[in-house]
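Residue numbers (full-length UniProt numbering), protein chains in the order written: chain A, 1 to 118; chain B, 1 to 118.
I should point out that these hints are in silico values taken from the structure, not numbers from a laboratory. Quick caveat, the model's predicted, so the values are computed rather than measured. It cannot be assumed that every hint is accurate.
Same chains, same names: a pair is fine if it fits in one copy or spans any two.
[As the list claims (entries may be wrong)] Straight line, CA to CA, 25 Å or less: simulated SDA-like cross-link-like pairs of lysine to any residue: (1) K3 x D113; (2) K102 x Q81; (3) K3 x M82; (4) K36 x H68; (5) K102 x G83.
2 protein chains.
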Amino acid sequence: MKKSLQEYVDAFNAKDVDRLISLFADDAKVEDPVGKPAKVGRQEIESFYRESMPGSTLELLAPPRGSHSNAATITFAVHSQMGEHSIRIEVTDVMTFDSNGKIATMHAYWGPDDVQQL
Amino acid sequence: MKKSLQEYVDAFNAKDVDRLISLFADDAKVEDPVGKPAKVGRQEIESFYRESMPGSTLELLAPPRGSHSNAATITFAVHSQMGEHSIRIEVTDVMTFDSNGKIATMHAYWGPDDVQQL
């Protein structure tokens with residue numbers, strides 16, 4: 001699970017959507033941010049990453065955490081360039097994995113006040 | 001929610017169980033670690049902290065994260081002294097809050113390989 005989460009960060013930063021999407025189960029659910037409607041299934045998730053990837057990089061702030069079940073987490077900052085503005089978003093992702101080692105669910109914890117304009 | 005999580009860390013490090021327990025709802029559920037049976041209700045949770053607090057301190061590794069709902073997270077290291085051994089555990093906690101601002105659920109993400117003997 002931790003290898004998969006490191007690969008998630010690396011694929012994101014390589015702007016390689018296919019490599020990133022291959023980590024997810026076909027029927028995965030992505031709730032990013034938690035509290036907003038989830039993206040469900042490979043197509044919706046792929047669209048989401050194709051939109052959010054350009055101009056953004058992830059900086060892992062601590063080693064991934066596991067659990068005593070099928071869940072693991074990463075805590076990171078998103079660095080985004082929006083026009084002339086640099087933005088930093090503080091995030092923790094919780095992923096659960098299916099029996100094939102694919103990401104079944106992703107919950108991204110960040111709120112309005114975790115977004116900072118630099 | 002973030003204030004409550006900072007208070008959680010401070011009360012833990014002050015070894016003040018009453019102060020820590022006052023952050024929880026009466027019927028709160030604590031799953032620590034995720035994948036093991038939960039502690040349910042104030043009494044079980046209080047016993048859990050009375051056992052785990054002595055000899056342990058929490059080091060916050062990143063600012064608490066919020067969400068667009070009733071959830072927030074903290075990512076930290078637990079530093080524990082067990083006899084002659086120093087132990088470091090890498091943890092991410094996800095808390096949800098009830099309408100009174102009390103912690104309703106806590107999920108602590110850490111696995112066997114997040115425990116390091118120093």
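Intra- versus inter-copy proximity for G83 and K102 (alpha-carbon distance at most 25 Å): neither (35 Å within a copy, 40 Å between copies)
Copy assignment of K3 with D113, given that the CA separation must stay at most 25 Å: Answer is between: at 13 Å across copies they meet the 25 Å cutoff, but 30 Å inside does not.
Within, between, both or neither, where K36 and H68 count as close if Cα-Cα is 25 Å or less: So K36 and H68 pass the 25 Å test across copies only (7 Å; inside, 28 Å).
Homomeric proximity label, K3 with M82: Cα distance no greater than 25 Å: Neither: 30 Å inside a copy, 30 Å across copies.
Identical-chain pair category, K102 with Q81, by Cα at 25 Å: Answer is neither: 30 Å inside a copy and 37 Å across each miss the 25 Å cutoff.
Figure legend: structure checked against the earlier numbered hints; hints not met, in rising order: 2, 3, 5.
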